[in-house]
Amino acid sequence: MTTNRIWLIVAIVIALGMLAPTVRGEESELDQRQPQGKPPTQAATQASDPTLAAIGLLTGTASRCTAFLVGSDRVVVTAAHCVLDRDGKPSQARFAFRPGYRAGAHTPSFDARVVVTGGWKPSGDPRLSVEPVADDWAILATDQPTGIAPLTLAADLKLDRLRGRPLASVGYSVDVESGRFVTEDVPCRATHLQDFRIDHTCRGSLGSAGSPLFLLGPTDARGALVGLVVQGAASSTAERLVIGQLMGLADVRGIPAVDYGGRAVFSGAFVNAVKIATAGAELSAMK
Amino acid sequence: MRTATRWLAGAAAPARLGLIGGLIVGLVGGPNAARAADESDTAKAFTTLDQQVDAGQYAAADKTATRLLDALGPDSTDPMVGRVLSDRARARLMQGHAADAVDDYLKAIAHADGPQDRAAGYLDLATAMNRLQLGDHACAAIRRAYDEAGSEFTPLGRVALDQSKALNCPAFADRDFARLFELPFRLGASTDGTALTGLYGDAAYTRLPTGWTIDPPALDSPDGVDARSANGDAVCAIRRSDGPAPIRTYVDAVAKEDVVRGRRPNGVLLDVNGREDRMGLQRTVEVDFAVPTTSAPLPGRLELASRLDKTYAVLCLAQKPDAGDEARNVARLISESMRWRP
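Line by line, the protein sequences are chains A and B.
124 is the number that the working numbering gives to position 124 of the first sequence; each next residue is one higher, with no gaps.
180 is the number that the working numbering gives to position 180 of the second sequence; each next residue is one higher, with no gaps.
Just so you know, not all the hints are guaranteed correct.
[Unchecked claim] Heads up, incomplete: computed chain A residues facing chain B, CB under 7 Å, no partners named:
{"id": "1", "residue": "SER91"}
{"id": "2", "residue": "GLN92"}
{"id": "3", "residue": "LEU206"}
{"id": "4", "residue": "GLY232"}
{"id": "5", "residue": "ALA238"}
{"id": "6", "residue": "LEU249"}
{"id": "7", "residue": "PRO256"}
{"id": "8", "residue": "GLY261"}
[As the list claims (entries may be wrong)] From the structure, some residues in chain A lie toward chain B, with a derived Cβ separation under 7 Å:
{"id": "9", "residue": "SER63"}
{"id": "10", "residue": "THR183"}
{"id": "11", "residue": "VAL186"}
{"id": "12", "residue": "SER205"}
{"id": "13", "residue": "THR237"}
{"id": "14", "residue": "GLU239"}
{"id": "15", "residue": "MET247"}
{"id": "16", "residue": "VAL252"}
{"id": "17", "residue": "GLY254"}
{"id": "18", "residue": "ALA257"}
{"id": "19", "residue": "VAL258"}
In short, the hints are calculated from the structure, not lab data.
For glycine and all other residues, C-beta sits at the position ideal for the given N, C-alpha and C.
Model the full structure from these sequences, guided by the hints.
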C-alpha cells in the first residue's frame, strides 16, 4: 500500500514535469562517465563492458525490445511502442527485463511495470508505426532492485550539439546473431535533428527499439547517453548504399526525400521523468 | 564437227604431233602454271599486307586484305584466310571502324585451326577491346581465350590468365560474350546513345540513349551530371566524389544478402537486390531498388565503382511506376559505356 502511494506521487510529479518542456534537455553539465553509482552485481560482472550490464532484453507476450537501466537500478527505459498496445495502454501488466542478457549465459530476469510513457500512439502506416518519435518513450520500474549500476543521461546538452558528432547504439537487433547477444553499431551519426527527434544512421532491425544512443568520444569510446533508439536504420548494405546516394541527390528534381530510417528520442524528452522515477525508486527503497 | 575432223586428218604428221602436244600442255600444264602464278601473287600480296600493317598504312592494308580475301574466295578453307582477316581487323580498328573490325576478329576466330589458334584470336580481340576501353568485352574475350587454351600451363593460357588478373576479370566474364559481341557490333552496348565528351572536364565519357538529354548546366559541374528522358519517365544522376569506395567489400556484403521482394524488416526501400557488375573496366556493385512513395513505388538502379581515388555513382530512378525497366537499362548503359581518359 505504501509503495502504491509512492508511485502515485511519482506519477503526479512526472505529469507536472511534462508541463514544463522548456527545461527538458537543458539540465546540468554534460556527463560522460558511464556508468556510475552502485557497484555492479554478479549479473553486471558477467559482461566485460560495465555499460553493457545495464542494457538488457525486454520481452512481453508479443514484444521483444532493448531496454536499459538509467538513474536507478530499478528504473528501466525503453520505447513506448514496445510496451503499449494500439490504444496507447500497457499491453500487459508486467514485462520481463533481463539486463546483460546473452544467449547461453545465466542472466537474471526482473519483472517490470510501466510507470509512465510519452504520448505515443500508433499511426495507420505500418512503416510509420513509431511516429510521433518524440513521444515514443516509456519508463518502467522493476519489482525489485537489480543491483546493477545504471547509466546516466546526458544533461545540459542541447540537441544541436549532436550535429555532426559520431554516435553509437547498443541493443539486441535480430539481424545480428538473431538478437541473442547485444551488439553495437559504431560509429553512426545524426542526419536530422528537430525538437526531441533524432534521425540517425545507426543500423538496427527488429529488437533494436529501446537501445540507448551514446555520443562517441575522440577514441570512439562511448560517452554521454543522449537518446533512446525507437527504430534502427536500414541494416542491409545494399539498401544503405542506395539511400546514401539518394540523400546526396535531394536537390535533383524528381528524386524523393529518403533517409536511413533510424529514429531516436532525444534524452531531453524524458530526462525529467527519469529523475522523478529515480527519486520514487529511492524513496521506495528507503521504505 | 565433221569439218574440223577433216582438217585435222589433212594435216602433216609432225604438225599433228605438235598440235597434240600443245593441247596436252594446254590441258594439263596450263592450270598448274596459272595456279602457281596465283599463289605467287597471293604470297606477294600477303607480304605487302604485312608490310602495310607494320608501317601503319591501315587504309591500304584494308584494301589489300580485301583483295586477298576476294581472291581466296568467300568459302575458302585456306589457313591464310584467318591471318588476312586478323590483319584486316587490326587495320580497320586503327581506322576507327570498330564494328567492322570486330566482325573480322570473330571471322578470324571462326577460321582458326585448333584451340590454340582460337585462343590467339580471342586475345587479339581482347587487345582490341582494351584499346576501345571496353572492359566487359575485353574480359569476355580473355576468358574465352583462357578456356580455349585449356590450361594456365599453356603459353596462351598463361597470357590469358595474366591479362585476366590485370583487368580483375571475374571468372564468369564470358557469360555475356554472345550478347556483348552480337553483330552488328555496337560500341558501349548501344550505338543509339550520344557520345558525351566533357564529362567532368573530359575525365570520363559515357553514353545515353537517344532522347535523353543532360541538364546543360551540369556539364560544367565538376562532379555532378543529371540527365532526363525526353518524355520525363526517368531521371539519372551521375556523380563523382573524392576517395575510393570499398567496392569489393560492398560486393561481398551485397552478395550475402537475400533477394528481397517488398521491404526488409526495418527497411526503408522496396525490392532491394544487389549484385556485381561492371562500370567500364571497373568492378561495380549494382543495386536494384524501389522508393516507396505516397502513391506507387518508383523503381531504380544504382551503379557504384571506384577508379583512381575517385568514386563514380550512376543512379537512375523512374518517375513513373511503369518506367522501371527504362531506368534500370539506362543505368546499366551509362555504367557499361563509362570510359575514362587514360
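Now for the hints, and whether the structure bears them out:
For A/SER91, the shortest C-beta to C-beta distance to chain B is roughly 20 Å, which exceeds 7 Å, and the interface hint is violated. Because the closest C-beta pair between A/GLN92 and chain B is about 23 Å apart, greater than 7 Å, the hint is violated. Because the smallest distance between the Cβ of A/LEU206 and any Cβ of chain B comes to about 5 Å, under 7 Å, the interface hint for this residue holds. Taking 7 Å as the C-beta cut-off, the interface hint given for A/GLY232 holds, the closest approach to chain B being about 5 Å.
The beta carbon of A/ALA238 comes within 4 Å of a beta carbon in chain B, closer than 7 Å, and the hint placing it at the interface holds. Look at A/LEU249: its Cβ gets to within about 5 Å of chain B, closer than 7 Å, so that hint holds up. Below 7 Å, beta-carbon pairs count as interface contacts, and A/PRO256 has one with chain B at about 6 Å; its hint therefore holds. A distance limit of 7 Å between C-beta atoms decides the matter here; for A/GLY261 the minimum to chain B is near 4 Å, and the interface restraint holds.
For A/SER63, the interface hint is violated, since its Cβ never comes within 7 Å of a Cβ in chain B; the closest pair sits about 14 Å apart. For A/THR183, the interface hint is violated, since its Cβ never comes within 7 Å of a Cβ in chain B; the closest pair sits about 14 Å apart. Hint status for A/VAL186: violated, given a least beta-carbon distance of 17 Å to chain B, over 7 Å. For A/SER205, the shortest C-beta to C-beta distance to chain B is roughly 4 Å, which falls under 7 Å, so the interface hint holds.
At about 4 Å, the closest approach between the beta carbon of A/THR237 and any beta carbon in chain B falls short of 7 Å, and the interface hint on this residue holds. Interface hint at A/GLU239: satisfied, since its Cβ lies 5 Å from the closest Cβ of chain B, which is below the 7 Å cut-off. Taken as an interface hint, A/MET247 does not check out: its beta carbon lies about 11 Å from the nearest beta carbon of chain B, beyond 7 Å. Interface restraint check for A/VAL252: the shortest CB-CB distance to chain B comes to about 5 Å, inside 7 Å, so the restraint holds.
Below 7 Å, beta-carbon pairs count as interface contacts, and A/GLY254 has one with chain B at about 4 Å; its hint therefore holds. Because the beta carbon of A/ALA257 sits about 10 Å from the nearest beta carbon in chain B, more than 7 Å, this interface hint is broken. For A/VAL258, the interface hint holds, the least distance from its beta-carbon to any beta-carbon of chain B being 6 Å, beneath 7 Å.
Taken one by one, the earlier hints fail for this structure at numbers 1, 2, 9, 10, 11, 15, 18, listed in ascending order.
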